Amino acid sequence: NAGVTQTPKFRVLKTGQSMTLLCAQDMNHEYMYWYRQDPGMGLRLIHYSVGEGTTAKGEVPDGYNVSRLKKQNFLLGLESAAPSQTSVYFCASTLLPGQGNYGYTFGSGTRLTVV
Amino acid sequence: AQTVTQSQPEMSVQEAETVTLSCTYDTSESDYYLFWYKQPPSRQMILVIRQEAYKQQNATENRFSVNFQKAAKSFSLKISDSQLGDAAMYFCAYRRGQGGSEKLVFGKGTKLTVNP
Numbered sequence: 001n002a003g004v005t006q007t008p009k010f011r012v013l014k015t016g017q018s019m020t021l022l023c024a025q026d027m028n029h030e031y032m033y034w035y036r037q038d039p040g041m042g043l044r045l046i047h048y049s050v051g052e053g054t055t056a057k058g059e060v061p062d063g064y065n066v067s068r069l070k071k072q073n074f075l076l077g078l079e080s081a082a083p084s085q086t087s088v089y090f091c092a093s094t095l096l097p098g099q100g101n102y103g104y105t106f107g108s109g110t111r112l113t114v115v
Numbered sequence: 001a002q003t004v005t006q007s008q009p010e011m012s013v014q015e016a017e018t019v020t021l022s023c024t025y026d027t028s029e030s031d032y033y034l035f036w037y038k039q040p041p042s043r044q045m046i047l048v049i050r051q052e053a054y055k056q057q058n059a060t061e062n063r064f065s066v067n068f069q070k071a072a073k074s075f076s077l078k079i080s081d082s083q084l085g086d087a088a089m090y091f092c093a094y095r096r097g098q099g100g101s102e103k104l105v106f107g108k109g110t111k112l113t114v115n116p
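For the protein sequence lines, the chains are A and B, in the order given. Here the first sequence stands for residues 1 to 115, where the numbers follow this note's numbering. Here the second sequence stands for residues 1 to 116, where the numbers follow this note's numbering.
It is possible that part of the hints are untrue.
Reference excerpt, derived from the structure (chain A facing chain B, CB under 10 Å, subset only) [claimed, not checked]:
#1 M41
#2 Y48
#3 Y64
#4 F90
Listed below are the simulated EDC-like cross-link pairs for lysine to aspartate or glutamate, each with C-alpha atoms no more than 20 Å apart in a straight line [stated by the list, open to error]:
#5 K14/A with E59/A
#6 K111/B with D38/A
#7 K108/B with E30/A
#8 K70/B with D26/B
#9 K71/A with D26/A
#10 K111/B with E17/B
#11 K70/A with E30/A
#12 K9/A with D26/A
#13 K108/B with D26/A
FYI, nobody ran anything at the bench for these hints, they're computed from the structure. None of these values were measured; they are calculated from a predicted model. Glycine included, each C-beta is placed from N, C-alpha and C at the ideal position.
Use the sequences and the hints to build the structure in full.
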C-alpha cells in the first residue's frame, strides 16, 4: 500500500518552462488537494478536487492548473514557471465525511526551484 | 474564512522536559476538527493528534496531549518528556465539519528544537 505518491521529488525549471506534477493515491480517496509550503507561511491550498472530473480553486491558485481525469490521480500544472513558484509542493487526500477515518494522507513533497 | 494562528515561530525545550505549543483559530462554525501535524527534516507530514470540536474531553496520544478551549478558540499541544526525535516543525490545522470541501487550513508553524 503506497499511500500518496508524488513525482518527481525534485525539479529545477527555467523561468517560462512548463511542467506537471503528478499525485497518485491508491486508497480510493475521494478528495485530493495540492498545497505549497514556503518558509514562514505554512501550507497554503492551491487547488483541490472533491471527486473525479471536479476541481476548484484554493487560496493561491494563480499560475497553476489542475486536472482530475481519474479518481486516483491529481495533476498540478505550471504553464509558464516563475521564480515566485519556487516552493515545496504537497499533495494530500482524504475520504468523504462519514466514512470512518477522516485523516489525511500526505505525499512526501516535491521541491521545485525556478531559476 | 477560517484562520489558524500560531504565535510562536520557534520554541526550544530541554530533553525530558515539557513544552506547550500554542494555536488559536477563528471560525463561525460549530462543527469542526483540529489537528497537530509534525514535519521533521524529511518533509513528511505526520499526524500527531486530532480533536473533534463536539468532544469536551481533550485528546491524548502517549506523550502528546492537547488543551482544547472551544469558547476561547484555543488548541495548544503539550509534549511531555521531550525527546530528541520530537525536534521538528509543528503545524496546527483546522477543518470544517461535514458538508464542506474538507480542506485543511494550516497555521504558519512552530519550529521546535530539543536540546540534549
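A quick look at each hint next to the structure:
no., hint, in the structure
1, M41, "6 Å, holds"
2, Y48, "6 Å, holds"
3, Y64, "15 Å, violated"
4, F90, "7 Å, holds"
5, K14/A with E59/A, "25 Å, violated"
6, K111/B with D38/A, "14 Å, holds"
7, K108/B with E30/A, "27 Å, violated"
8, K70/B with D26/B, "11 Å, holds"
9, K71/A with D26/A, "9 Å, holds"
10, K111/B with E17/B, "16 Å, holds"
11, K70/A with E30/A, "11 Å, holds"
12, K9/A with D26/A, "18 Å, holds"
13, K108/B with D26/A, "29 Å, violated"
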